[in-house]
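Here the protein sequences line up with chains A and B, keeping their order. For the first sequence, full-length UniProt numbering assigns the number 230 to the last residue and increments by one with no breaks. For the second sequence, full-length UniProt numbering assigns the number 293 to the last residue and increments by one with no breaks.
Read the hints as simulated data drawn from the structure, not as lab findings. Among the clues, some could well be false.
Chain A regions said to be covered by chain B (calculated; three or more residues, Cβ under 8 Å) [what the hints assert, rightly or not]:
| # | region |
| --- | --- |
| 1 | 58-71 |
| 2 | 83-92 |
| 3 | 100-111 |
Each pair of labels, with its calculated beta carbon distance range [stated by the list, open to error]:
| # | chain 1 | residue 1 | chain 2 | residue 2 | range |
| --- | --- | --- | --- | --- | --- |
| 4 | A | P163 | B | V83 | 48 to 58 Å |
| 5 | A | P109 | B | F133 | 37 to 47 Å |
| 6 | A | R174 | B | V83 | 31 to 41 Å |
| 7 | A | Q167 | B | G187 | 34 to 44 Å |
| 8 | B | A213 | A | A119 | 55 to 65 Å |
| 9 | B | L279 | A | R112 | 27 to 37 Å |
| 10 | A | D125 | B | V272 | 34 to 44 Å |
Virtual Cβ for every residue (Gly too), placed ideally from N, Cα, C.
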Amino acid sequence: MLRIENLSAWYGEAQVLREVSLEVAAGEVVTLVGRNGAGKSTLLRSVMGLHAGQRGRVTFADRDVTKLPAYKRARLGLGWVPDDRGAYATLTVTENLTLPPRVGPDPWPLARVYEAFPALYSRRDSAATMLSGGEQQMLALARVLRMGARLLLCDEPTEGLSPLLVQQVGDLLREAKKHGVTVLLVEQNLHFATGVADRHYLLAEGRIAEAMDNSEVRSRERELLAYLGI
Amino acid sequence: MSGFLQNTFNGLVGGAFYALLALGLAVIFGMLRVVNFAHGAFYMLGAFGAYVLLAEAGVPFWAALVIMPLALGLLGMVLERAVIHRLTRLDPLYNFLLTFGLTLILQDLVKSRYGVQSSPYATPAELSGTVDFGLFDFPTYRVFILGFTVLLCVAVWWVLGRTRVGMVVRAATERPELTRAFGIDVGRWVTPVFGFGIALAGLAGVLAAPMRAVNPLMGADLIIVVFAVVVIGGLGSIFGSVAAGFGIGLIQAWGEAYLSEFPIVSQTVVFVVMAAVLLWRPAGLFGREEAPA
Numbered sequence: 001m002l003r004i005e006n007l008s009a010w011y012g013e014a015q016v017l018r019e020v021s022l023e024v025a026a027g028e029v030v031t032l033v034g035r036n037g038a039g040k041s042t043l044l045r046s047v048m049g050l051h052a053g054q055r056g057r058v059t060f061a062d063r064d065v066t067k068l069p070a071y072k073r074a075r076l077g078l079g080w081v082p083d084d085r086g087a088y089a090t091l092t093v094t095e096n097l098t099l100p101p102r103v104g105p106d107p108w109p110l111a112r113v114y115e116a117f118p119a120l121y122s123r124r125d126s127a128a129t130m131l132s133g134g135e136q137q138m139l140a141l142a143r144v145l146r147m148g149a150r151l152l153l154c155d156e157p158t159e160g161l162s163p164l165l166v167q168q169v170g171d172l173l174r175e176a177k178k179h180g181v182t183v184l185l186v187e188q189n190l191h192f193a194t195g196v197a198d199r200h201y202l203l204a205e206g207r208i209a210e211a212m213d214n215s216e217v218r219s220r221e222r223e224l225l226a227y228l229g230i
Numbered sequence: 001m002s003g004f005l006q007n008t009f010n011g012l013v014g015g016a017f018y019a020l021l022a023l024g025l026a027v028i029f030g031m032l033r034v035v036n037f038a039h040g041a042f043y044m045l046g047a048f049g050a051y052v053l054l055a056e057a058g059v060p061f062w063a064a065l066v067i068m069p070l071a072l073g074l075l076g077m078v079l080e081r082a083v084i085h086r087l088t089r090l091d092p093l094y095n096f097l098l099t100f101g102l103t104l105i106l107q108d109l110v111k112s113r114y115g116v117q118s119s120p121y122a123t124p125a126e127l128s129g130t131v132d133f134g135l136f137d138f139p140t141y142r143v144f145i146l147g148f149t150v151l152l153c154v155a156v157w158w159v160l161g162r163t164r165v166g167m168v169v170r171a172a173t174e175r176p177e178l179t180r181a182f183g184i185d186v187g188r189w190v191t192p193v194f195g196f197g198i199a200l201a202g203l204a205g206v207l208a209a210p211m212r213a214v215n216p217l218m219g220a221d222l223i224i225v226v227f228a229v230v231v232i233g234g235l236g237s238i239f240g241s242v243a244a245g246f247g248i249g250l251i252q253a254w255g256e257a258y259l260s261e262f263p264i265v266s267q268t269v270v271f272v273v274m275a276a277v278l279l280w281r282p283a284g285l286f287g288r289e290e291a292p293a
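Just chain A, same shape as in the assembly (with noise of 0.2 Å):
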């Protein structure tokens, strides 16, 4: 689904991605964790195509997608979950929903969207960024269903989550696996990681460190938390 070959990504003059290949199959829940500055977020702009300066190669769904500007991309069905949860604050719930236009083969109706998240039903009309941050989270999420994205870029979902949320996020994206959506996520919540993804990738210093799978992450958790200084 999504093929990353050596992917050097730069801001200014300070190289944040070096030589980073990565494959993520079609279906596939994949993280990338790693220390703040390690270039997790960086990676997925570049995927996303929001990021200037940048050598290598992105493949998404069998084209080659690195000359692409960011439109077309998510026209391909790139679906883009910001860190900061990107909400409007000059549309309303309903229009931060439909703003993307609907691109892959399943896009969620509006109305399946309402009923999967009656807390963003009771406030549709309201102006986005007077959600709360669980419920820009969900808003963020339902989103990228709405367009039928089929592969879901997550920078940090849980990030600031109480545990509850936490879970319905987990839900959420395991819901959308059972569907056939494919999800790159970045994440720093190692127990909720393996709840949800099938492989692992550890990004240190711009390079990938290791390629890990679900056991290898749990029998490690206790170094890996202190590398990563949570």
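Since the structure of chain A is provided, determine the placement of chain B on it from the hints.
Using the frame of chain A, we list chain B on its own:
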């Protein structure tokens, strides 16, 4: 009492011009992050175009009211494609240099052909005379300006607030990069939005022709107050620019009527208000602090 009402009415009419110009500046700034210092020049071109159409081709006011906004909107779109869009990646200083330079070019082009004297433009016959409001009479043409402008502002507000196009413009104004990540080709909307803002300036110019002296510098005089209006309303805020436009029109009219023995006060009151608003709310009355991309 009737004197006060009359001053109020005059203030609203003056404010209507500020509102139309500030509205155009607001949508342009929102979408392009460009402050268009050439806006006054397009207002002048609107008025001058109406004058030339009538004097040299016999084209009446009503036709000019359609032709000039369309023609200037088109010119705006060409300029956006040719030069304005290059500003996005440059230091804001170039924004000032380019659009201010455009103003000088447009003004001098008109000056070199028609001189600096004011040209008279007759009020269209259908709108001459006065309307009797009981307590006072008011020129029909001014009533028309006020009604027309209010309708136009409501229409723009409706399009921006209630349609898919408006939703995209709002989203792209608030967070352009995020909006691209949601599959929307923001760049495609930039040129028509710029053209639309310019068309509003041209429209204001045509409306001004029968009421104000048509000369190459008419925009330069007005635009300074319009920028104060935009700053007071909040740069990029649609509602703020319209509300502040009418508000400043009122304050100016009242100032001129009741503070006429203190000309220094009545001429500077707009800028005093601006300074006070900025101290109180640095982003303007209805402005928002810039969100991250």
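Here is what the structure says about each hint:
no., hint, in the structure
1, 58-71, "holds (count 3)"
2, 83-92, "holds (count 6)"
3, 100-111, "holds (count 3)"
4, A/P163 x B/V83: 48 to 58 Å, "55 Å, holds"
5, A/P109 x B/F133: 37 to 47 Å, "54 Å, violated"
6, A/R174 x B/V83: 31 to 41 Å, "52 Å, violated"
7, A/Q167 x B/G187: 34 to 44 Å, "40 Å, holds"
8, B/A213 x A/A119: 55 to 65 Å, "59 Å, holds"
9, B/L279 x A/R112: 27 to 37 Å, "50 Å, violated"
10, A/D125 x B/V272: 34 to 44 Å, "39 Å, holds"
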